[in-house]
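With the hints in hand, could you dock these two chains into one complex?
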Amino acid sequence: MHETTEHVEGTKRTFLFVWGWLLALTGVEVILAYQHLEIKVMLGILMTLSIVKASLIISYFMHLRYERRSLAWTLMPALVFVVGMMFIAFPDSIRLLLMKPH
Amino acid sequence: MASHQATSDLETRESAWSGGGSPFAIGSKKLGMWLFIVSDAITFSALLIAYSFVRVASASWPMPFEWPSILNATIMTVVLLSSSLTMVMGVRAAKLGRSSAVVGWLAATMLGGILFDILHIREWLGLIGEGVRLFKNPWGDPQFGAAFFTLTGLHMTHVTIGVVYLGVIAWGSRRGKYTSEDVEVSGLYWHFVDLVWMFIFPLVYLMSYKMA
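Line order of the protein sequences matches chains B and Y.
Numbering follows the working numbering, with no gaps: position 92 of the first sequence is 131.
Numbering follows the working numbering, with no gaps: position 170 of the second sequence is 173.
Chain Y on its own, in the form it takes in the complex (with noise of 0.2 Å):
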């Protein structure tokens, strides 16, 4: 009886080792995007910790956004969140099997990213002809520029690099290349980039409008 215990223990912990298990019982490209995220989060973590580092040293830092700023980056977080509800109608959609479907979603949430991506250099070129530069601003601390073109220019790089990826996946799975599964990646990915920016948004916007 004790050895036949044993050699099941041991063929338990055998398979365990022996492979073509799922940790977490997700697939690996699903784990991978979460390890990445995790990566970026830490990274975008970095860069809004910075920026408030050196708003806090500042003692003249900025605050240039009047209401129509307050009320464009207001319009752009929900244009952002509304793409998240396109994409996850879109997953759903791809694990129904609908896969006409899953292209008008995920056009709809392109769709939201670029409009995300032309307010945003909208504002940006309206800064830029205020005098706005990398290290020098007609208002004050020097370094505003520098943080502000930085943080949300990498975020913004994400959106688009978002929008490409998503084409490339609503292509792909109107050919049946791409699974249901890479649909959902996807979406991890483009959820991560709306996170990202609800915190971009109070830290950057809401904490430095021109009050009256």
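Extracted from the complex, chain B is given alone in its bound form (with noise of 0.2 Å):
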């Protein structure tokens, strides 16, 4: 029973540590945008610390990193692939913008 309450009393603190950490990557994303990056550096950067904070947000507050391993297995590579695949597209919208009548 006490080691029940420890363990939640400590889960609290983690909850505060993670929401704290949340905080100051949005507040890092924000100044980031306001300097004179180059726009694949800034989205490259940016995107990097989106994924950051969604890793805390499922790890954490979704619990995942507490359930059984094979339940992450099965979720995230299959998401990361299915997103992955719609990348394809991207070599296309490149080729419209490259091939704009002038």
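Certain hints may be false.
Restraint-style ranges between C-beta atoms, simulated for each label pair [said to hold, decoys possible]:
id, chain 1, residue 1, chain 2, residue 2, range
1, Y, T153, B, G83, 40 to 50 Å
2, B, I70, Y, W20, 49 to 59 Å
3, Y, G22, B, M115, 22 to 32 Å
4, B, H75, Y, S63, 48 to 58 Å
5, B, K51, Y, F138, 41 to 51 Å
6, Y, G24, B, A128, 37 to 47 Å
7, Y, P26, B, G83, 32 to 42 Å
8, Y, P71, B, W112, 37 to 47 Å
9, Y, K32, B, L76, 39 to 49 Å
10, Y, W70, B, L76, 36 to 46 Å
11, B, A111, Y, E69, 39 to 49 Å
12, B, L137, Y, L114, 43 to 53 Å
13, Y, G22, B, Y73, 19 to 29 Å
Simulated from the structure, these hints should not be mistaken for laboratory data.
Model, not experiment: these values are computed from the prediction.
For every residue, glycine included, the Cβ atom is placed at its ideal position computed from N, Cα and C.
Printed below as a string of structure tokens:
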């Protein structure tokens, strides 16, 4: 019983810690947006930060870190794969941009 | 000996197939919600990538968001992140059996969602007032409106549905109709809605702010 309470109390601190990090990363993103970086670099950093934030939410708030590992391995690779496949469209969008009639 | 081992193996195999077990050791409601979340994530990814596609292909994409808009969107982000915190506290309270605390935490989460919706609709009305329509705007590529309103509109719809969902769960758990598992499952949905915003915020707002 005592053990359960300790685990739960520790978890409350974990939640606040994660929330703090999410806010901090958001702040970094906003500040970064106003720096004069090349678009590709900006996009790369912002997307990386967003994936970190998403991982924090999925792992801790959605509790996936504490579930059976097989659940994460069933859900996440499938999602990453499907979204990755959608990126096939981008060379076409670049083609449309470069081949616009002037 | 050999036949005893064979029988025991057969029994194990049969018991796995005879039902009553929980894949991944989670309940069916939770697994169902996770599967839905993955499918909805794919839907939003498709919309985000479609938005990005149209933007990359455009020679004159509007960059209409000045600092007040970026500040508004940042506040919306903080509101949603904080509502995820109150949600997770609500789930914790449910697991500890504190039913009145559950209602409080869920109400706080719902308020966060409602505040998010209000700020978002205010922004929409501002854009519409400046002349942005689905296929027309005063600044650039006419596809901006359709892309922006579809993406943020679907997200806002998810937030609103979430607020209603949480209201039902809060009401029912108070009457003892819903268990801590039900609260946790509603929490998964809410965090997912927050998750999607984590990608909409940088891609739509931060990448389109009006550089001075």
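Okay, the hints, checked on the actual structure:
1. Distance hint for T153/Y and G83/B: a CB-CB separation of about 26 Å, inconsistent with the stated range 40 to 50 Å.
2. Distance hint check: the CB atoms of I70/B and W20/Y are about 56 Å apart, consistent with the given range 49 to 59 Å.
3. At roughly 27 Å, the beta-carbon separation of G22/Y and M115/B lies within the given 22 to 32 Å, and the hint holds.
4. A hinted range of 48 to 58 Å is violated for the C-beta pair H75/B and S63/Y, which are about 21 Å apart.
5. Checked against the hint of 41 to 51 Å, the C-beta distance between K51/B and F138/Y comes to roughly 49 Å, which is consistent with it.
6. In this structure the supplied range 37 to 47 Å holds for G24/Y paired with A128/B, their Cβ-Cβ distance being about 41 Å.
7. At roughly 37 Å, the beta-carbon separation of P26/Y and G83/B lies within the given 32 to 42 Å, and the hint holds.
8. Taking 37 to 47 Å as the suggested C-beta distance range, the pair P71/Y and W112/B conforms, at roughly 44 Å.
9. The hinted window of 39 to 49 Å between K32/Y and L76/B holds, with their beta carbons roughly 45 Å apart.
10. Between W70/Y and L76/B the beta carbons are some 18 Å apart, a value that contradicts the proposed interval 36 to 46 Å.
11. A beta carbon spacing of about 41 Å between A111/B and E69/Y agrees with the range 39 to 49 Å that was offered as a hint.
12. Restraint check, L137/B to L114/Y: a C-beta distance of roughly 48 Å satisfies the suggested window 43 to 53 Å.
13. Distance hint check: the CB atoms of G22/Y and Y73/B are about 57 Å apart, inconsistent with the given range 19 to 29 Å.
Checked against the numbered hints given earlier, this structure breaks hints 1, 4, 10, 13; the rest are met.
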